[in-house]
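Novice: Read off the chains here:
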Amino acid sequence: MEPSNKFLIQEEEVYSGALSCRGCGWALLVRHLSSILGKETVYVVPASCFSIIAGPYPMNELRGTIVHTIFAAAPATATGIRTALDRQGKKDVIVAVLAGDGGTFDIGFQSLSGAATRGENILYVCNNNGAYMNTGIQTSTATPYGAVTTTNPNSNIKKTWPKDLMGIIAAHNIPYAATASLAFMEDLRMKVKKAKETEGFRLLMIDGPCPPGHKTEPDKSIYVARQAVESKLFPLYEVEHHNYRINYFPSEYVPVKECLRVQGRFKHLFKDDSEEILNDIQQHTNDYWDRLRLLESHSFQVKN
Amino acid sequence: MLEVRGHARGGQGMVTAFEILAKIFSHSGKYQVQAFPAFGVERTGAPIQAFLRISKEPILNRSNVYHPHLILVFDEALIEQVPVFDGIRSGGSVLFNTDRDPEEFSGKADKIYTIPATKISLEKGLGSKSLPIVNAAMIGAVIKILDADINIAKQIIGNNVPSKPVENMKAAEVAYNSLTGIDSINKFLLGSIETGNDGEETLLLADEQKKQFLVQLEEIPKVPYWSQPMSLNKTGNWRVLTPTYVTRDAPCTTNCPAGTDVRKFVDLTSEKKFVEAYDVIYEHNPFPSVCGRVCPHFCEQNCNRMELDEGLNIGSIERFLGDRSFKSELKSYKITQKEKIAVVGAGPAGLTAALRLTEKGYPTTVFEALPYAGGMMRTGIPEFRLPKNILDEEIKRIERQGVNIILNKKVTVKELENDFNAVIVAVGSHIGSKMNIPDEDIVLDGIVFLHNFKMKNDNQGVSKDDEVAIIGGGNTAIDVARTILRLGGKPTIYYRRTRKEMPAIAHEVDEALAEGVEIKFLTAPVGISKNDRIDLTLIDMELGEPDESGRRRPVPIKGSESTVTADKIIAAIGQKPDDFVFAGNEIKASQGKIEYDASVAVFCSGDMAWGGTVTEAIGSGNKVAEEVNAFFRGEPYSHEETEKDIVIPAELNFAYYLPTSRTQNPVKKSRDFYNDFDEVIKGLTESEILIESKRCLHCGDCFSCGNCYNYCPDAAIFIDEENRLRIDYDYCKGCGICAQECPCSAINFQMNEVVL
Amino acid sequence: MSNSSSIKNKVEKKKKQDAKQYNRHTLKILKGNFAAAEGAKLCRTGFIPAYPITPQTTIVEALSDMVGRGEMDATFINMDSEHSVFAAAMGASLAGERVFTATSGQGLFYAHEVLHAIAHFRLPIVICNVGRPSIPWNIWSDQTDSLSQRDTGWVQFYGESSQEVLDDIIQGYFIAEKLDLPVMIVLDAFYQSHTSENVWVPDINLIDEFLPAKEKTGSEIDVSNPKSYGGLIPTEHYEKFNIKFWQDINKVEDLTNEIGKKFGDLFGREYSAVEAVNIKPETKMILVTLSSITTTARGVLKQHPEVGLLKLRLFKPFPKKSVLKILNHVSNNCIIVNIERNFLGDNEGAIMHEMKRALYGSSFKMYDVYTGLGGKDVPPSTIEKIIRKTFNAPEDVVWIDFE
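Chains as they are written, first to last, in our numbering: chain A, 1 to 304; chain B, 1001 to 1756; chain C, 2001 to 2403.
Honestly, the hints are just simulated from the structure, not real lab data. From the three backbone atoms N, C-alpha and C, an ideal C-beta is built for every residue, glycine too. There could be a bad hint or two in this list.
Claimed, not checked - In silico contact screen, one side only, chain B against chain A (beta carbon under 10 Å); selected entries:
{"id": "1", "residue": "GLY1125"}
{"id": "2", "residue": "LYS1129"}
{"id": "3", "residue": "SER1590"}
{"id": "4", "residue": "GLN1591"}
{"id": "5", "residue": "ASN1707"}
{"id": "6", "residue": "CYS1712"}
{"id": "7", "residue": "ASP1730"}
{"id": "8", "residue": "GLY1736"}
Claimed, not checked - Okay, the calculated beta carbon distance ranges per label pair:
{"id": "9", "chain 1": "A", "residue 1": "LYS6", "chain 2": "B", "residue 2": "LEU1232", "range": "29 to 35 Å"}
{"id": "10", "chain 1": "B", "residue 1": "LEU1203", "chain 2": "C", "residue 2": "LYS2262", "range": "30 to 36 Å"}
{"id": "11", "chain 1": "A", "residue 1": "PRO153", "chain 2": "B", "residue 2": "HIS1027", "range": "23 to 29 Å"}
As the list claims (entries may be wrong) - Derived pair list, reagent style DSSO-like, types lysine-lysine, alpha-carbon separation capped at 27 Å:
{"id": "12", "chain 1": "C", "residue 1": "LYS2216", "chain 2": "A", "residue 2": "LYS39"}
{"id": "13", "chain 1": "A", "residue 1": "LYS257", "chain 2": "B", "residue 2": "LYS1164"}
{"id": "14", "chain 1": "A", "residue 1": "LYS90", "chain 2": "C", "residue 2": "LYS2389"}
{"id": "15", "chain 1": "B", "residue 1": "LYS1164", "chain 2": "A", "residue 2": "LYS90"}
{"id": "16", "chain 1": "B", "residue 1": "LYS1129", "chain 2": "A", "residue 2": "LYS215"}
{"id": "17", "chain 1": "A", "residue 1": "LYS271", "chain 2": "B", "residue 2": "LYS1164"}
{"id": "18", "chain 1": "A", "residue 1": "LYS6", "chain 2": "B", "residue 2": "LYS1340"}
{"id": "19", "chain 1": "B", "residue 1": "LYS1119", "chain 2": "A", "residue 2": "LYS215"}
{"id": "20", "chain 1": "C", "residue 1": "LYS2244", "chain 2": "B", "residue 2": "LYS1222"}
{"id": "21", "chain 1": "C", "residue 1": "LYS2178", "chain 2": "B", "residue 2": "LYS1222"}
{"id": "22", "chain 1": "B", "residue 1": "LYS1222", "chain 2": "A", "residue 2": "LYS39"}
{"id": "23", "chain 1": "B", "residue 1": "LYS1234", "chain 2": "A", "residue 2": "LYS215"}
{"id": "24", "chain 1": "B", "residue 1": "LYS1520", "chain 2": "A", "residue 2": "LYS267"}
{"id": "25", "chain 1": "C", "residue 1": "LYS2216", "chain 2": "B", "residue 2": "LYS1222"}
{"id": "26", "chain 1": "A", "residue 1": "LYS159", "chain 2": "B", "residue 2": "LYS1264"}
{"id": "27", "chain 1": "C", "residue 1": "LYS2321", "chain 2": "B", "residue 2": "LYS1222"}
{"id": "28", "chain 1": "B", "residue 1": "LYS1129", "chain 2": "A", "residue 2": "LYS271"}
{"id": "29", "chain 1": "B", "residue 1": "LYS1129", "chain 2": "A", "residue 2": "LYS257"}
{"id": "30", "chain 1": "B", "residue 1": "LYS1222", "chain 2": "C", "residue 2": "LYS2356"}
{"id": "31", "chain 1": "A", "residue 1": "LYS6", "chain 2": "B", "residue 2": "LYS1338"}
{"id": "32", "chain 1": "B", "residue 1": "LYS1119", "chain 2": "A", "residue 2": "LYS267"}
{"id": "33", "chain 1": "B", "residue 1": "LYS1234", "chain 2": "C", "residue 2": "LYS2240"}
{"id": "34", "chain 1": "B", "residue 1": "LYS1129", "chain 2": "A", "residue 2": "LYS39"}
{"id": "35", "chain 1": "B", "residue 1": "LYS1222", "chain 2": "C", "residue 2": "LYS2320"}
{"id": "36", "chain 1": "C", "residue 1": "LYS2320", "chain 2": "B", "residue 2": "LYS1210"}
{"id": "37", "chain 1": "C", "residue 1": "LYS2321", "chain 2": "A", "residue 2": "LYS91"}
{"id": "38", "chain 1": "B", "residue 1": "LYS1273", "chain 2": "A", "residue 2": "LYS6"}
{"id": "39", "chain 1": "C", "residue 1": "LYS2178", "chain 2": "A", "residue 2": "LYS90"}
{"id": "40", "chain 1": "C", "residue 1": "LYS2240", "chain 2": "C", "residue 2": "LYS2251"}
Whenever a hint applies, use it, and build me the whole structure from the sequences.
Specialist: Structure below.
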C-alpha cells in the first residue's frame, strides 16, 4: 500500500464517545460503514459488543436509526423492517444488520440462512472478532484453531477449525458476499459501496480487531489486521453468486505465526512443543487459499 | 463495619484485588467480608468502581458504598476525571497509586497514603505500560494500612491471581514495605472494623434530603427509544497514553552540514513547487547546482528509505532545482549595520558567510587572492564533475545580491584591521601535504595539478600513454586519476588502507574504476628514485588499531617492499591552509572566533577550520555569519548543537510505502575518455525528479496521508478551520492507533501528564 | 306447495331477522382458524410472517391464499421459525405496519423471548394462538402454552367461538393500538380451530368505521428522525419504562369493557372482559372457564339453575374489577370452581392463581379442577361430574377423572 493522501470520510455519521474499548474494530468499522451508507439507514443490531458501543440511554452513537434486537434473530427483525419500509415506498432506505460472530455463526445462524435464502434486501455486516467478546471472551464457532478463550482456557485451547461461514453463505447463491479488513480500508470501503448498490441479500465479513479479546496492545489493531491478510489467514475476496474473486495477493510470504505471535491468545503456541499446531494452522491456511484460487479459476465472470 | 471504595480503570485488576482483600480478611475467621464491583458497561481504561466491607458483625447491607472510610485510587489521573472523594467520612483515608508524596494531596482527605504501585508493578512485569496491573501492589499497601499480616496476604495473592503469582506476591511485599504516609496505626479504620453500626443510614438519609428526586415520566416515550448524541459521553477520561502531533527531525536534514531543510525542499519539489523548493535550499546553501553535483550527499547517507529499498536521490533533486534556475526574485539588502566585515577567500565558506552577513545588513567585502572566485570549487574540482558555467551562475547570483568580491588581492589580517571591524578568514586548504620521503621534489602535488590543468590548461608534462602513480585515497586522488585518464595517461592509485576507509565519495570511486582507473590498496610509498622514468618503492600495509579518525591505522608489513615504475608521480594525501593571511604565523584554525593578535575580531571558517567538502564549508560559512552577528549584537552564541529528535527506521510504518527503486542519474559511458571533459553524471528530467521526490518518506513530518484520521476508531481526529489535523482530547481514549499507523512517525504517544 | 313455501318464508323471515340483527354482515360457515384469517384480512393487516405448526397451519395457509388471490394487500413471508416470525413481526411493527401472525404450542414457546421484546417495545401486534401443550408430543387442545406466557406483557383474550375469535381480532387491534400493547387471541385446538360453525362476517366498511387505518404515533422508525430503539439502559432509568407500561396495562380492563360496548353498538354483538351466566345472589356454585369449555358448560347449566358460569374472555391483565363486580352480589356460601385446561407445573392451575389474587380477602371457597388437558374431550358429563362433586374435602385441587 502507498500512503493514500486521502481523508476517506467526508462526513462523520457517528458521534464520538462510543463505549468501545481502546483500539476496537467495531467502532472503526461502523464509522466507515455509516459514512458510506448515510443517515437514511436502519441498523439492526443483535446482542454484541456493538449493542453497548452504539449507546446506552439516552444516547445514539449513530446519526442513523438503530434497532437493538434479540440475539438470535437480527436478520428476521431486519426482514420485518425491510418489508414495512418497502410497503411504505421507502425502498431506498438501507437496512443493515450489524452482528458479531456469535450472532452470525452461532445463535443467529438459522435466521441468517433464512434471510439469505429468501433473498431479503438486507446488507448484513459481520464484525468477526472470533469469540463472544462482549461477555468476556468465550469461544464461538468463529474462534480460530489454537486460540485461548475463557471457555477454552490454558491447556484446553480450541482444537476445532472455525466454521467456514463465507463458504456457507456463498452456497446460498446471494448476489454479493465479501471479506474485508480494516487494514485495507479503501478495499473495505469499495466493498461497502458495492454492497450498498447491490439489491438482495449481501454479506460483508470483516476481520474485527479486539485488543482485550485477542490480548493485543490497542495500538496494534491495524497491524494485526494487516498481518492477517498478508499471511493469508484472512484472505480478501468477493463472491458474486457463485463467482469468486480474490482481491489481494500478498506480495511477500508472511508465515501465519507472524500474525499469531503478536496476539496473546496464541502465546502458548510459541512454547517448545507447539510447533505442530502452528504447522497445522499454516497448512490449513495454505489449503484454504488454494481452494479459493481454485474457486476463482472456476468462476465465470458473468454477472447474475 | 469498614467500608472501602475503589476507583480504577477497567482492566487494572481492581475487582480481583477487592476479592483478594476479602479473602485475606476472612482468613482469620474473625471477620465477615463483602466485595463486589459496580458492574457496568465500561471498557478497558474507563473509570470503574468496586466496594469492600469488612466487619466483625454480620454485614447487613448489600447496596453500594456511598460513605467509605477508606478510598483506594488505582490511577491518580482519575482524580481529575471522576469524583473519587465523594462521600468520604470525616476522619477517612485515601490511598493513591502515585510516585508523589502524601503532602502533595493534602486537603483531599484527613489522612493520605501514597504508593508507587504502577512503578512497582511494571518492575515486576505486571501488565503493560498503557495498562499496568497494579492490584497486588495496592493490596500490599492496604495490608499495611490495615495492619494485617503480609505473609498471609502474599499466600492468598499467590493462590488467587490469574497469572504470575510470584511476581504479584513480590509486588505486594514491596508495596507493603514502601507505603508512605504511615506514621501510626489508623485507629479510625481499624476501629470501624470492630464496630457493627456504621451510621451509614443517617448519612444516606442526609444525601436523600439533599437530592431532588424528580422523575420526569412524561419526558420519555412509551417505546424505549432515544436519540441524544453519543458525544454526551466524554471518553477522554479513559486515556492513559496521549497522542500528540509532532514534527520530528529527519536524518537527511540533520545530517546536512549546510543545515538545509532537505525534507522540506524534497516535499515542495514533489508538489512541483520548484521555486519554493529552491528558496528552501538557498536559505542555507547558495550553491545547489554545485552541491547537487559534488557533495557526498550527507543527506542520502542515512536516508531511512534505505531500510525499505534504496535511499532517495536527493542530490539530483538539488541539482535539478539549481540548474533549472527555479529561482525567486533576488532580494536587495540594505545596509543596516555599521560594523564592516572583511572576508578573506571567495570559496564556498567565504561567499556563504559574506552572503549571510549582507542579508543581515552588514557592509561586507570579500578578498580573493586568485583572479577568480570559487575557491576549491573553481580550482580543485575537474570540469567533468563540475562545469565552470554552473559555478559561474551561482557566484554571479551571490554578487548580484550585494556581495562585493575583490579579486587578485592576497591580504593579511593585519592589512585589514584598520578598515574593518571583523575579519573572517576562509582561505581553504590549497597547499598539498608532503609524503615526507626522500626525493619528494619530483612528485607533483595533486591539488596544484588539478588547479593548473583546469584553469591554465597546463597538463604539467603528462603525455598520452604515460603511466602515472597517484598516492592517496581522497577525492583529489580520484579526480587526478580521472583527469590523467582524459589526458590519455594510465593512472594507478596507491592507497594505504582499504576501499572501506577511502575518504573519497563512493560513487566517484565507482566511476573511476568503471572508467579504467586502477587502485591498489594497502600499500604506501617509502622511496623514490629517478632514472629515465621514476621508480616508486612501496610497502604493503595491514590495518591495526583505529586512530583518532576512527579508521583503522595502516601498519607497514616488514620486508614487503616492492617497486613499480611510472612516468609521473602525483601525491594527493591531504592539504593544508596557506598561512600567508596570518603573515606566516602558524595559527591553529578552528571554527568561529579565534584568538589572534590584531585590533579586529578574527573568525575562521571553511576547510581550514573543519570539514573538507563544499557543503561543510557552506555550513561553516552560515555558522560563522551567525557568530559574527551574535558577536556584534552582544548575543550569546554557542557551538553546541541543539539536541535532535531524529526519526529512525524502526519508528516508521513501512506498510504504507510501496517499494520503488531509486531513480539513478544517467552516467556517461565510454570506452575512451581521451580528451573528453564532458560532465560524466547527467541530471534527471522533470518527470524523473517528480517521481523521485515523491519517494520521500517524510520522516517525522506529517504529509496529510490521512491515516490517523481514517483509522481513529473514536472519530476523535478532525480537521480544523485552518485545515490542520487536530485530536479531540475530550474523546480520544488513547488507543495509539494513530501513532502506530502514522507512516512517518509524526505522532508522539506518551503517558498522560498529571497536574495536581 | 303453499306449506313448503310457508316454511321457506319462515326461514327467509328468520334469516332476515338475523340479518337485521347483524346488519352489514354476511353469514358464513367458518372454522375457527378461517375466522381468524378472515379477521386478519378485515383488519387490513399489512404483514404476515408465517411458520406452520399444527393446529395453526390452516390460518397461515388461508392468509397465504388470500394474499395470493389479491384479496388482501399484505406481504406474506414464509419465515424460518416462529422465533424469526415474531422477530420479523417486531421489526415491521416497529416500522409502523399493522402485523398479524399465528402460532401454537411449541411455536409460542420458541417465540417466548421475542414475546417479551415485543411487549416491551410496546408494539401493537395481534396474533392468534391455537392452544396445544408440550412433550410428550401432543397437538390437541390445551391452554398451557398461552397461559405460561401470561407474564410476557401481552394482553390475552380467550375466544369461545369462531365468531368471537373474529370479533376479538378486530377489538384486539383497537386495544393494541390504543395502548401500544400486543394482543394474543387464544382459541382451542380442533374444538374451535377446526370446527365449522356459523360466523357473521362484517362488511369491510363496518370494520373501517370501527378500526381506522393505523395512525402514526411518532414512535415508529422514521429515517428522517433517527432514533435508537431498545438499547442498553442504566439501572436508574429502567424503571421509568416499566412504570409507563404498568400505567397502560392497568387501562386494559376498562378499555375492553368500553370498546366491547361500542363494538356491540356498531356490530350488534356486545362484549365485556368477563361474562356472567346465571349468576344470582343465591347461586351455589360458579364455574370459571376459558374458551370452548364455556359453551359446553352453558348447555349443562340449563339443567342446573343453582349453578352459575363465569367466562373469562380477557385473561391478561386479569379483569379483577369485573370479576369482583359480579361476585359482589353473590352469597359467600357460593363455591367457586375453576376448570383448568392447563398444567403449569404447579399445585393449581392458572385460573386459580388469578382468581385467588382477585378474591384475596374474600370468604369465597374456591376449588380447582384439572380436565381436558392435551385435548382430552370435555363432554357435558364431565361438567356434570364437576357440578355434582362435593367440594368440602381439605384438598382444593382435583383431577376430575382420576379420583
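Novice: Look at each hint and say if it fits the structure.
Specialist: Now for the hints, and whether the structure bears them out:
| no. | hint | result |
| --- | --- | --- |
| 1 | GLY1125 | 14 Å, violated |
| 2 | LYS1129 | 9 Å, holds |
| 3 | SER1590 | 44 Å, violated |
| 4 | GLN1591 | 40 Å, violated |
| 5 | ASN1707 | 7 Å, holds |
| 6 | CYS1712 | 8 Å, holds |
| 7 | ASP1730 | 7 Å, holds |
| 8 | GLY1736 | 3 Å, holds |
| 9 | LYS6/A x LEU1232/B: 29 to 35 Å | 31 Å, holds |
| 10 | LEU1203/B x LYS2262/C: 30 to 36 Å | 56 Å, violated |
| 11 | PRO153/A x HIS1027/B: 23 to 29 Å | 26 Å, holds |
| 12 | LYS2216/C x LYS39/A | 21 Å, holds |
| 13 | LYS257/A x LYS1164/B | 25 Å, holds |
| 14 | LYS90/A x LYS2389/C | 63 Å, violated |
| 15 | LYS1164/B x LYS90/A | 58 Å, violated |
| 16 | LYS1129/B x LYS215/A | 14 Å, holds |
| 17 | LYS271/A x LYS1164/B | 17 Å, holds |
| 18 | LYS6/A x LYS1340/B | 54 Å, violated |
| 19 | LYS1119/B x LYS215/A | 22 Å, holds |
| 20 | LYS2244/C x LYS1222/B | 6 Å, holds |
| 21 | LYS2178/C x LYS1222/B | 12 Å, holds |
| 22 | LYS1222/B x LYS39/A | 24 Å, holds |
| 23 | LYS1234/B x LYS215/A | 25 Å, holds |
| 24 | LYS1520/B x LYS267/A | 56 Å, violated |
| 25 | LYS2216/C x LYS1222/B | 14 Å, holds |
| 26 | LYS159/A x LYS1264/B | 54 Å, violated |
| 27 | LYS2321/C x LYS1222/B | 25 Å, holds |
| 28 | LYS1129/B x LYS271/A | 24 Å, holds |
| 29 | LYS1129/B x LYS257/A | 25 Å, holds |
| 30 | LYS1222/B x LYS2356/C | 31 Å, violated |
| 31 | LYS6/A x LYS1338/B | 53 Å, violated |
| 32 | LYS1119/B x LYS267/A | 25 Å, holds |
| 33 | LYS1234/B x LYS2240/C | 25 Å, holds |
| 34 | LYS1129/B x LYS39/A | 39 Å, violated |
| 35 | LYS1222/B x LYS2320/C | 25 Å, holds |
| 36 | LYS2320/C x LYS1210/B | 41 Å, violated |
| 37 | LYS2321/C x LYS91/A | 48 Å, violated |
| 38 | LYS1273/B x LYS6/A | 21 Å, holds |
| 39 | LYS2178/C x LYS90/A | 26 Å, holds |
| 40 | LYS2240/C x LYS2251/C | 18 Å, holds |
Hint compliance for this structure: hints 1, 3, 4, 10, 14, 15, 18, 24, 26, 30, 31, 34, 36 and 37 are not met, and every other hint is.
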